[in-house]
Structure formats: structure tokens, C-alpha cells
Amino acid sequence: MAFATSEEVLEAAVCVDLYRTMVRIRSFEERIRSEYHADKSPGFDIGAGRIPGEMHLAAGQEPVAAGVCAHLRPSDAVTATHRPHHVAIAHGVDMAKMAAEIFGREGGLGHGRGGHMHLFDPAVHFSCSGIIAEGLPPALGQAFAFRHRGGDDVAVAVTGEGAANQGAFHESLNLAALWRLPVVFVVEDNDWGISVARPASTAVASNADRAAGYAMPGERVENNDVEAVYRAAGRAVARARAGEGPSLLEVHTLRMWGHFEGDPQTYRGDLATVEDRDPIPHYRDRLLEAGILDEGSVEQIAADAAAEVERAVAFAVASPEPDPAAATSYVFA
Amino acid sequence: MTVVDQPTSRSPAVPPRRLTMAKAMVEGIASEMERDPSVFYLGEDVGAYGGIFSSTTGLLERFGPERVRDTPISETAFMGLATGAAVEGLRPIVELMFADFFGVCMDQISNHMAKIHFESGGNVKVPVVVTSAVGGGYSDAAQHSQCLWGTFAHLPGMKVVIPSNPADAKGLMIAAIRDDNPVVYLFHKGAMGLPWMSKTHRALGEVPSEAYETPIGKAVVARSGRDVTVATVSLSVHHALDVADEVAADGIDVEVLDLRTLVPLDREAIVESVSRTGRLVVVDEDYHSYGMSGEVIATVVERDPSLLVAAPVRVAVPDVPIPYARALEQAVLPTPERIRAAIHAVTR
Ligand SMILES: Cc1ncc(C[n+]2csc(CCOP(=O)(O)OP(=O)(O)O)c2C)c(N)n1
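For the protein sequence lines, the chains are A and B, in the order given. Numbered according to my numbering, the first sequence spans residues 1 to 333. Numbered according to my numbering, the second sequence spans residues 334 to 681.
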């Protein structure tokens with residue numbers, strides 16, 4: 001399916017914003033990756049170092065986060081997954097507090113209690129969960145609350161394609177459609193659910209086809225194309241804001257790195273082509289060719305992103321470690 | 334990849350084999366798959382990946398994709414599939430990648446797998462093994478670090494086994510597969526001997542080459558002592574043994590009782606040990622309240638409260654989700670420091 005041909009050209013400012021968001025995300029993920037591995041050698045030990053635990057990074061999946069979240073405002077809700085950073089950044093989660101949470105510091109979003117799979121930023125109605133597909137039902141509730149309160153805020157639930165085989169996914173689609181909730185379901189198809197290739201997990205070729213079973217529109221965007229994501233998400237968000245109910249959007253994207261850091265990826269036959277498929281240089285070249293960006297602005301965007309990430313990491317490492325004496329706090333309100 | 338470190342040999346000249354718990358577990362599965370064509374393994378990333386925690390390394394290569402099956406992320410469906418297949422005479426082993434994910438499929442486990450034998454008046458057997466990774470200590474936070482054995486053990490109809498060492502990992506696996514009941518087999522990530530996780534120096538152990546069963550429902554004295562019984566399971570057995578060695582220098586002689594099975598619980602072994610030592614510490618990496626630690630203490634008190642010459646002490650997770658930050662997590666886990674303090678408190 002191709003959508004791009006019949007579409008009007010995006011405004012240059014929108015294109016630049018999409019590009020900038022992608023670069024900010026990549027800059028963050030690259031930095032977290034190097035911090036994560038900095039003190040885990042010799043011999044990778046998952047629990048060691050300044051950032052311990054599992055680490056799921058989203059390099060290659062920036063077009064989804066950038067294209068979808070460009071339509072959102074801070075009052076809209078977003079639920080994400082175990083791979084949450086790209087969506088969090090695109091939706092405006094405080095990068096410094098997120099970094100501090102990833103470093104397990106008191107100044108983090110969850111005072112070091114949650115960690116990278118459990119980020120909560122109520123200022124922008126953002127949350128995520130490490131349990132596959134379990135971010136969908138709460139998004140329904142946020143949408144329900146928004147409608148109850150009045151206004152046209154929406155909720156966006158992001159999942160991987162692996163999650164689309166989970167009961168919570170199907171229950172949520174039906175309930176959202178039945179109650180015409182202002183929800184947008186976004187499926188990031190990165191071809192892999194850990195080591196299981198999409199054809200080995202999923203009976204349908206496109207999860208967008210599943211939308212028909214729940215009486216809602218479904219679209220699939222190919223080629224990890226940020227502008228196509230932007231357009232398709234625009235339709236889905238507008239529909240939700242207008243009170244017309246939920247939509248399902250699947251994007252064929254790319255997991256450039258391992259499922260988690262340390263993943264040997266020996267199961268993966270498509271590694272050789274990953275670098276060529278990196279969406280960021282492709283989009284940069286497109287914008288350079290169109291004269292929307294020049295070399296100077298490309299450098300400026302990269303430098304600004306690096307500086308922002310530097311500030312976030314500096315905030316994180318300056319924040320104190322949580323006090324073990326308070327290890328049992330926050331269980332109850 | 335082969336699952337056996339070196340060729341099987343009966344010659345007494347061959348030194349005893351030492352395997353990791355992961356390899357011993359795989360060896361138990363493989364020997365039953367070899368013997369019984371009705372045994373098969375299903376779960377997420379159990380094929381080419383070999384299990385996220387190496388619970389199935391080499392099985393796909395050896396037994397093929399019909400018997401070692403990667404599933405979609407559809408735990409309710411494949412848990413129920415295991416039940417149905419078992420009802421029709423197969424012997425499935427089904428992996429729940431982390432015990433923490435029980436929430437998305439517990440109905441199939443608790444209301445179906447574990448109740449069918451009872452509801453059918455004994456007419457329908459459900460010989461399923463549910464394998465699952467448990468435990469924390471490496472900052473995997475609140476949704477990927479729980480033990481939850483008390484939750485499985487609380488609900489009737491499933492046996493619960495928790496090997497702490499390679500030999501038991503193999504023997505309990507074989508016993509679980511041969512058992513005609515649902516058996517939940519919980520392996521601690523930190524005891525598997527994984528190269529990418531810090532591990533106890535006891536992660537390697539001697540494992541006999543031949544097939545054998547470790548009896549379900551039998552505890553074992555991992556270290557005998559006169560002064561205090563430390564009853565525990567899983568990775569905490571290793572911590573308890575380490576602490577026992579240390580406090581021996583202070584003149585405290587610790588007995589470490591590895592319960593190995595929570596359902597059925599070896600109550601006789603607990604009572605027998607405490608009747609000799611008179612003091613009891615229960616170390617439980619699960620939550621403090623309503624769980625294993627209370628059950629072990631109640632077992633003693635119900636039998637004869639006068640067996641205890643000092644109030645028993647529990648070392649467990651203080652009813653808080655497992656925190657992410659290392660210092661916080663270490664504060665709530667049953668660390669060697671906490672175990673040592675408990676032993677001193679109860680022997681004071
Ligand atoms: C209920 C549940 N089952 C299994 C897992 C383990 N797990 C974590 S990520 C993952 C793969 C998810 O694939 P997908 O939804 O496509 O997202 P991706 O990782 O590709 O971003 C699995 C199986 C989990 N976290 N929760």
C-alpha cells in the first residue's frame with residue numbers, strides 16, 4: 001500500500017520538526033547505549049554498572065514516535081511499552097528526569113523506583129509498561145476520562161507487533177470501538193518479537209487488517225517513512241478528536257539494535273542491511289535534496305540534540321542515589 | 334550446540350561432571366524427550382534463541398520445531414493449549430518467560446490446568462510442567478524480578494518445585510515431567526549460571542549423567558548444624574550456605590534446609606530440623622506476608638510451639654514491589670547481610 005503519492009507536500013517547518021525529533025531520540029538512545037555499556041566490561045554483566053538491568057532501545061523506530069506524537073499536545077495521553085524512550089521524548093516527557101530514572105536516581109521520574117520500563121510523567125499523561133500489550137487497557141480509561149471531562153483530548157496506545165497477538169490487544173480494540181473512545185492504536189512492526197520473526201507469530205500479513213474485525217479504520221504504513229506516518233496518524237488523531245472513535249495504525253519500522261542490549265542476535269538474518277535502512281540519514285538526504293535543510297542546519301540540529309542529551313545526563317548523574325532506608329516508601333498514597 | 338558438557342561415560346576414571354543449573358535443566362528435559370515422544374516444549378523464544386535464560390539451549394537443533402515450539406506472545410492461548418494437549422495424552426512443558434507474567438494467563442493455570450483433575454472427580458489428568466524464571470538482584474525492577482512461588486503454592490492443584498542447584502534442577506525436571514499433575518517449576522535467573530549475570534560460586538555442580546528423579550515433596554539438608562535451622566529455597570540456599578560458613582567462625586552452627594518443593598511441603602523435614610536446633614530463620618525471596626515464610630513457621634507452631642526456644646525470624650521482601658535502583662533493591666532482597674543479622678538475632 002502506498003499513501004504518499006496522493007498526498008499534499010508537508011510544510012517545511014513540519015518536516016524539520018519531524019527530523020529534529022528523530023535526531024533528538026537517536027542522540028539520547030546512542031548516549032544511553034554507551035553509558036549502559038561503559039562499565040559492564042570485561043564480560044557483560046547485566047546487573048552491573050551505572051545503568052543496570054534490561055535495556056530496550058529504539059534506534060530505527062524514530063519515525064513512528066516522531067510522526068505520531070507530532071499531532072499530540074501535552075494534555076493527550078500516551079501509553080508505551082518496554083521500549084519507551086523514543087515515544088517518551090517525542091511526546092515531551094522531561095528528558096532530564098527520564099535520564100535520571102534510567103540511572104536509578106532520586107531525581108528521576110519515579111525517584112529511581114521504576115526504571116526504564118516504568119516511566120510515568122503525569123505532566124504529559126505519559127506511562128509505559130514492561131508487560132506486553134498491557135498498556136492498551138489503561139489508554140482506554142484515559143480516553144474515557146477525557147471524554148467524560150469534555151474537550152477533545154485523545155489517548156494513544158503504542159505497542160509492538162508481537163503484542164498484537166495478546167488478549168489485551170483484542171479486548172481493547174473491541175471495547176474502544178464499542179464505546180467510540182478517542183483512542184489511536186499504534187503498532188510498531190519491527191519484524192521481531194525478541195527472536196521470533198513476525199511471520200512465525202502472526203497469522204495476518206498486516207495488523208491493519210485486524211481493524212476490520214473491530215469496526216474501525218486500519219492503515220499500514222510501509223518503509224518506515226516518517227511523513228507517511230505523520231499523515232496517517234493525522235487522520236487517526238483527527239478522527240478521535242472529532243468523537244468518531246478509535247483507529248489502528250501499523251507502521252513497518254526497524255529495530256536497528258538488539259531486542260535488549262547484550263542480545264547476541266544470532267537468530268537474525270537481516271543484520272547486514274540494517275545500517276542501509278537507518279531512517280534518519282534517508283530522511284536527512286531527502287530534506288537536503290528538497291532544499292528544506294542545508295548542511296548547516298543539519299549540523300545545528302545534531303549539536304542542539306547532543307547538548308540537550310548532555311544536559312539530561314549531567315542532571316541524572318548529579319542527582320543523588322535513593323536512600324535505602326526509604327526502600328519501602330511509595331507503596332501506598 | 335550440545336547440551337552435555339562431555340560424553341556420558343560409566344568409567345569410574347572419568348571425573349564427575351560439573352554443569353550449570355541451566356545445562357542440567359536442559360539435560361533433564363532432553364533425556365525425557367528422548368525417552369517419551371509425547372513430551373514437547375513450548376514458549377516464547379525457546380527455539381532458535383534457546384530460552385532467554387538458557388532453559389532450552391540446543392533442544393530445537395536436537396528435537397526439531399515440531400517438539401520445540403516458539404509461540405506468539407499469547408500466554409493465555411498457549412497455557413490453555415498445554416492443558417488441552419495434556420488432557421489428550423501429551424506431556425507438555427510450557428514456559429512462562431518470567432513468573433511476573435502470570436497475570437496475563439493465570440486463569441488458564443489456576444482455574445483450568447490446576448482444577449480439572451479435581452472437578453472431573455479424578456477422571457481427567459493434566460500432566461503439564463510450567464517452567465518459569467524467577468528472582469531479582471540485577472535491577473530488572475518491579476515487573477521482572479518477582480518470585481511469586483507463594484502465589485502458585487497458595488492456589489490448590491499444582492505442585493511447585495524450585496531447584497537451587499544443578500543436580501536438583503535435572504532430577505526435579507525429570508520428576509516433574511513424569512508426574513501426572515501440573516507442576517510449576519521455578520528457576521532463579523541468578524542460580525542458572527548464565528555468563529551474562531553475576532552468579533554465585535555455587536552455580537556449577539556435579540550432575541550424574543544418567544536419568545534420575547529428585548523426589549517431589551522432599552526437602553534436603555544442604556548443610557547440617559546444631560544451633561539454628563535456616564529454611565529456604567532457590568538462590569537464597571546459596572546465600573544461606575555462604576553465611577553459614579561465615580558465622581561458623583563466631584561459633585554458630587547453622588543447618589540449612591533446602592525445601593526444594595513448596596507443594597507438597599516437606600513438613601516433617603522442617604519439624605525434624607527445628608526439633609534439633611530449636612531456632613528457625615526462614616529466608617524467602619518472595620513477599621513477606623501471606624506466603625512461604627508464614628507457612629513454614631505455622632508448620633512448626635501447629636505441631637509443637639515448644640520446639641522453638643526463640644521467636645522465629647523471617648527474612649523476606651517487605652511487601653513492596655521490587656525497586657529498580659540497585660541500593661533500593663538490595664535493601665529489600667534477602668541478602669547475606671540480612672540473613673546474617675537474622676541468625677544473630679535468633680541465636681542471641
Ligand atoms: C506478557 C508478556 N509476555 C512476554 C514478555 C517478554 N517480552 C518482552 S518484549 C517481548 C517481545 C515484544 O515484541 P513486540 O511487541 O513486537 O515489541 P518489540 O520488542 O519488538 O519492540 C517479549 C516476548 C513480556 N514482557 N510480557
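I should point out that these hints are in silico values taken from the structure, not numbers from a laboratory. Ideal Cβ placement from N, Cα and C applies to all residues, glycine included. Honestly, I wouldn't trust all of these hints.
As the list claims (entries may be wrong) - Selected chain B positions facing chain A (in silico; Cβ < 8 angstroms): (1) F373; (2) E377; (3) A381; (4) F396; (5) S407; (6) T409; (7) G413; (8) G470; (9) S531; (10) H534; (11) Y623; (12) V653; (13) R659.
Here's how the hints hold up against the structure:
no. : hint : result
1   : F373 : violated (17 angstroms)
2   : E377 : holds (7 angstroms)
3   : A381 : holds (4 angstroms)
4   : F396 : violated (17 angstroms)
5   : S407 : holds (5 angstroms)
6   : T409 : holds (5 angstroms)
7   : G413 : violated (11 angstroms)
8   : G470 : holds (6 angstroms)
9   : S531 : holds (5 angstroms)
10  : H534 : violated (15 angstroms)
11  : Y623 : violated (15 angstroms)
12  : V653 : holds (5 angstroms)
13  : R659 : holds (6 angstroms)
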